[in-house]
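Enquirer: Each protein sequence line maps, in turn, to chains A and B.
Counted from 1, the first sequence has number 114 at position 114 by this note's numbering; the numbering is strictly sequential.
Counted from 1, the second sequence has number 91 at position 91 by this note's numbering; the numbering is strictly sequential.
Hints are all accurate, no fakes.
Derived list of chain A stretches under chain B, where covered just means 3 residues or more per stretch with a C-beta under 8 Å from a C-beta of chain B: (1) 12-22; (2) 317-328; (3) 399-410.
Derived from the structure by calculation, the hints contain no laboratory data.
Bear in mind the structure is a predicted one, so any value in this text is a computation, not a measurement.
Just so you know, even glycine gets a beta-carbon here, dropped at the ideal spot from N, CA and C.
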Amino acid sequence: MTSNLLFNIAWTHVTSRVRQTLVGMAGVAMGVGFTIMMAGLMQGSQIDFLHQLVDTMPHVTVQDERRAAPSQPAEQAYGAVQVSDVANLNNRPGIKNPETVMASLRSWLPGDVAPSARTTAIIDHGGGRIGVTLVGIDPRLEVKVSKLASQMREGQVGDLARAPNAIIIGEALAEKLGLKAGNTVSVIGGQGNEVTASVVGLFRSGLKRIDEGQIYSLMSFAQLMMGQSGVVNELRIRLNDPLGAQRIATQVEAQTGYKSVSWQEANADLLSTFSVRDFIVLTVMGAMLLTSSFATYNIISTITHEKRQDIAIMKSLGMREYAVRRIFIIEAAIIGAVGIIAGWLLGYALCYGWSKITIYNMLTGAKVPLQIYYSPMHYIVAGGVSLVCCTGAAFFPARKATRVHPVEIIRGAS
Amino acid sequence: MSDIALQAVGLVKRIEGAVSHTLVNGIDISVGKGEFVAITGPSGSGKSSLLYLLGLLDAPSEGEVIICGQPTSKLSESERADVRLTRCGFVFQFHFLLPEFTALDNVLLPMRAAGKMSEKDMAERGLELLASLGLKDHATKRPNQLSGGQRQRVAIARALSNRPEIIVADEPTGALDTASTEQVFGILRDIADSGRTVIVVTHDPALAARADRRVHIVDGKIADPARGPAPAPEQTAPAGA
Chain A
1 MTSNLLFNIA
11 WTHVTSRVRQ
21 TLVGMAGVAM
31 GVGFTIMMAG
41 LMQGSQIDFL
51 HQLVDTMPHV
61 TVQDERRAAP
71 SQPAEQAYGA
81 VQVSDVANLN
91 NRPGIKNPET
101 VMASLRSWLP
111 GDVAPSARTT
121 AIIDHGGGRI
131 GVTLVGIDPR
141 LEVKVSKLAS
151 QMREGQVGDL
161 ARAPNAIIIG
171 EALAEKLGLK
181 AGNTVSVIGG
191 QGNEVTASVV
201 GLFRSGLKRI
211 DEGQIYSLMS
221 FAQLMMGQSG
231 VVNELRIRLN
241 DPLGAQRIAT
251 QVEAQTGYKS
261 VSWQEANADL
271 LSTFSVRDFI
281 VLTVMGAMLL
291 TSSFATYNII
301 STITHEKRQD
311 IAIMKSLGMR
321 EYAVRRIFII
331 EAAIIGAVGI
341 IAGWLLGYAL
351 CYGWSKITIY
361 NMLTGAKVPL
371 QIYYSPMHYI
381 VAGGVSLVCC
391 TGAAFFPARK
401 ATRVHPVEII
411 RGAS
Chain B
1 MSDIALQAVG
11 LVKRIEGAVS
21 HTLVNGIDIS
31 VGKGEFVAIT
41 GPSGSGKSSL
51 LYLLGLLDAP
61 SEGEVIICGQ
71 PTSKLSESER
81 ADVRLTRCGF
91 VFQFHFLLPE
101 FTALDNVLLP
111 MRAAGKMSEK
121 DMAERGLELL
131 ASLGLKDHAT
141 KRPNQLSGGQ
151 RQRVAIARAL
161 SNRPEIIVAD
171 EPTGALDTAS
181 TEQVFGILRD
191 IADSGRTVIV
201 VTHDPALAAR
211 ADRRVHIVDG
221 KIADPARGPA
231 PAPEQTAPAG
241 A
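Bound-form chain A, shown alone (with noise of 0.2 Å):
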């Protein structure tokens, strides 16, 4: 059975009925346009708000803990012995040489580090009292591992050396308190010290929970607030690519002893929500492929139910089962593929057209453009799926269709 004829019986039928195979080749146009569309948008969003979250922190972060307590004397002597509330009042917080820590680090990290001295304390203006975390930073390496230069909207990161107890902000936290660069604020340490300091730049990174909650100084500045002169209780990392942070943080682990922590850890609930959300979108990608298919569904069943008498003839020609059911597969793949090239079009158009829409933010008061994320793999899946549910929902009408016995139609037709 030469295949031609079999994709010329098919072309013939869908050429034949223009309006049912338009809008057949529609519904799957606009199932693979509107998936296309919902891919890009959703993995845009996704990827831009993952390049914030990345921008924003460091990609892995050394802190002065261990992922387990470290074992007490009296356990490290007896087999068995139960410890309970002690406390080493002579253990000194921080990483013990972080200058060496940080030397061996660099030797062979694909990337960068720099220290800072994390710590909390209270800033209080205009009667406005709001607890931040308070890290000090070198100017001079921070700019290496976070994106805080670029981050800066008032001032400059080199601006907290140029003046006694300079502090950096977030936008949100200086609306919240009222402040504007070069305003004096008062910050309360944790140990009760209050030294008062000048804001000498402002930032925005995006994430409201760091514009509202963290503020920037040099690292002397929070030692002096944590009580700790000379202490480096964090190491901060950037790496080249940061989706490699997991196995560098284990690496790290492995060599300091001290507990890092990569970003995609830091942020692991967020990242299971991603899943989660990933999942759904691929759900309702996937119902509005196959509901699109329907369409072909209709159209190969009316066609083959119109067709039941050609059916009948060809079979009885001698025309085998399976090559006539063949000739409405055809007819659904041409139904499909065609459709799918519009829908790559309308995608394409559907993407263009989002990417140019704006959405103001009620929070930031800013207007930003829809994120949408192009990629070639999302036009192979939606047309690759979209085909087989075409071809799928032939297969069935085009079956049972060619199970009719010859003789039935011809005697019917007689």
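With chain A fixed as given, assemble chain B onto it according to the hints.
Expert: Quick look at chain B alone, frame taken from chain A:
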């Protein structure tokens, strides 16, 4: 080499159901090569059912159909389709041409399905067949652009396209006017004269009389036409056919 083109032995076709019907009831028949056989009988006598069994369109409940020496009762549906495609040509009361295809494309259909010839050879044979049936100028017309007689002649050309040994025709003139009937029957006669076996079901005793042999069916059995006219259908007809 046997001169028998088609043979049926103990052919029975029964429709099972709440009330079972026997359409063909133990028919034995042999048809020689180049023989023109007319099957006649009243409506519902089982003549069309017999024809479908002989042409392998339908499978018998019992018995055997032997086509050119090949028993067919144990063949699969696909194998039966192959036999139909290569050894049998069908002509029905209605032309049953594919409406979206031209006359030539309809004639080429069985050849394309067999896939044994080049497209050029197929086209040549198709045009040759149409020309031999007086349809040379109608090759590119669609069925709805042809008269009833022309359509039926296209259907005959289609039946002949794979050079089958046997032509099976079910009331081929049933829907035609007198002139077309005469023309179509003449063509079938010529086909038989050219050495092919032709089996025709017809209601028309005058046409049947022009066949080499007449087989009269009553109640699914071969009857002796010499016994007189067939009984009225309502008196004899079982269900079916």
